[in-house]
Amino acid sequence: MQETFTIALVGNPNAGKTTLFNALTGLRAKTANFPGTTIERKVGRAQVGCHQAVTILDLPGLYSLDSGSPEEKAASEALRGRLAGQDAPDGVLIVVDATNLERNLFLTSQVLEMKVPVIVALNMMDAAERDGLRIDTHKLQAELGCPVVPISARTGMGIQEVRREIAVLADGAAEETPVLEKPPVCGGCTSCPYQARYEWTEAVTGKVTDDRMARRSQRTERLDEILTHPALGAAVFSGVMLTLFALIFWVAKIPMNLIDHLFATVGAEVAAFVPPGDLQSLLVNGVVGGMGGVLIFLPQICILFLALSLLEDTGYLARAAFVMDRIMRRFGLPGKAFVPMLSAHACAIPAIMAARVIENPADRLVTILITPLLTCPARIPVFAMVTALLFPASPIKAALVFTGAYAAGVVFAMLAALVFRRTILPGGSKPLVIELPPYRLPSLRTALLHTLDRAKIFVRQAGTIILLISLVLWALSYYPKSPPPAAAVAMTQQAAQVEKAGEAQKAADLRAAADQMTQQTSLQNSFAGKIGHAIEPAIKPLGFDWQIGIGIVSSFAAREVIVSTLAVVYGVGGGEEHNRTSLYDTLRHAKRTDGTPIFTVATCASLMVFYILAAQCLSTTVVVRRETNSWKWPLFQITYMTGLAYVASFIVFQSLSHLVH
Amino acid sequence: MVMTKTPVFPQEDRENRQPQIVRLNELQPKTCAVVRKIESQSEDIQRLKTLGICVGRRVEVVKAGDPQIVRVFSSRIGLSGALASNVLLEVCSPPDRCALQGPPCD
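So the sequence lines, in the order shown, correspond to chains A and B. Quick note: the first sequence, position 606, residue 606 per the working numbering, numbers continuous. Quick note: the second sequence, position 98, residue 98 per the working numbering, numbers continuous.
Among these hints, one or two may not hold up.
Rough simulated footprint, nothing fancy, chain B against chain A, three-plus residues with beta-carbon under 8 Å [unchecked claim]:
| no. | region |
| --- | --- |
| 1 | 102 to 109 |
| 2 | 193 to 200 |
| 3 | 217 to 224 |
| 4 | 420 to 434 |
It is worth saying that the hints were derived from the structure and are not from the lab. Each residue gets a CB set at the ideal place from its N, CA and C atoms; glycine is no exception.
Make a model of the complete structure from these sequences and hints.
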């Protein structure tokens, strides 16, 4: 372990702990899980003296050290030095909300009893002054027996004094911490330890606060009249959520397209430098394509977390949870699950990461498990293909099918939540207990730092595995290599002759046709092709043949890949827009070996149902692993979703193929 | 309700008035009351206590309903009715005479 002086940062949620941490450490912070848990802690280094740096350990926000939540357990273990690989901190910096001393001193008194050196940062002094509260910090210092520094983390007031106090503590120059004169807990005199402690905090608050000039801020109350109103509150909620959705669904498209173009350009550049062959394919399709496939998620992740952080900071997110709680509870989900479930319609990955706003582990797990059932845009090309095959001339029927698909996603997600609540994660959602903090102007700096933090975690901890998986998928579709078919070789030779005769256009057409044929053959003979053949007996009852099987295998990179894969398998060539119609035509006329058409109504409907329900996005699986800190849950998720998809597709195909003829 | 007839904490009121005991989910908005007893020891109840809704504290319902909003100290807490029904309070009546100034319980 490092020998630097370590100070733990603790405080109530909404007391401004994160703002103070950011003010002290800036960009030099790392986020990691507590060993063996999914609870995060941040570690940063702060310069406190001219040549002195200390380590600051940011613990989760907590109200007390002894209640049952996993965050509070982890934090109190960390403070006591009982966590593996982590010594007890050398000191504790407590952030106390000056506008709510009675409540905040509860945790303070518990920390003081641990007999570690303590510094109290009395935050939100500007807000207290605005409310007409006068707090005598010297008196409070005497009552608590530890240094008390009045600060405003948001404006930066008092941060230098906090640094100075930490430096004094690190130097060992601090005076001996006097023992509390009146320990708040007197065992035996009352049955309720909370009562005794709160009586102490009220007494201390009364002694140090002059509230004769206090004027209760009406702003929060007036805003809450509107924002928690059954009708008005729901209207505002819908507006906020629609805006959030528009941001991650449409606005995020702009940077996503840019990333797409950038990586396509880089791929083309690489292809121009590296001669065709294994290395070129590895670099262009494996490495560059895989990196693009990771970074493409960043715009949605960043926008969602920026918006969520701002919403949380203003205090609105707590109200949103409050408003939605009654409806979500019917499905065994907490009110806070709404935001991840809405976001999942843009992409499951940021949605699963956003499930972090749900404190209770079981509630959070149920939300994570059902999130990928909601329809994300990667399924749209599949729906478009199926509706084009089924109803080429009826946009209304196609639109109805789309609507039905989205509704099916929601219905199955809610049903799955209900089933999990009755089986593997029994019990309803935790009854709502949520602090509704005063409305405040959000801090853009805090939000940006938080966003950067989430983006870094995604790229480092999920991105690397996603890249690795895309390399494996590339190899599956590229190896073993097969020689170009004789017909393609003949075409290429013919092209050379035609070119000599001056017919450049004809030559190019011939080469393109030869390329398509070569691609088709090599994919059919690759491992992916072999897997497609191998799973054919299993997917035959769903109405799929081995060619669709290859499409399903390739979908593990991303669902929409099935369209371009089918194009290659059926020899139509790349997935470009002008090829779509020819692909649909080809699919419509595709025949089984016995001469019957493959894409019948039953097969199309079955394929659609399969793509609504099946777990096919390995990037999602990787993110679920990171967020649940185990492979157990992502594997369970793949199993239940694919099992559900299999059964549903089976029923749809079997009943339709008997009914429709 | 049985509660009003047999107070949870039998005590002689100075003006011979029976203390009015209600459950938190039934407390009228803008009425101040003091927590006298909390039934149940569940983990969720512990969370309530940590937030300050524990015996001896004064609370006020800011917004009725399920969930309701309760003020304790200077913080506001959103609370489901199922949990709130475990909290028994003595209503401060008349409103200017706070139950806290009455004889301490226990």
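Status of the hints after comparison with the structure:
| no. | hint | result |
| --- | --- | --- |
| 1 | 102 to 109 | holds (count 3) |
| 2 | 193 to 200 | holds (count 4) |
| 3 | 217 to 224 | holds (count 3) |
| 4 | 420 to 434 | holds (count 5) |
When each numbered hint is compared with the structure, no violation occurs for any of them.
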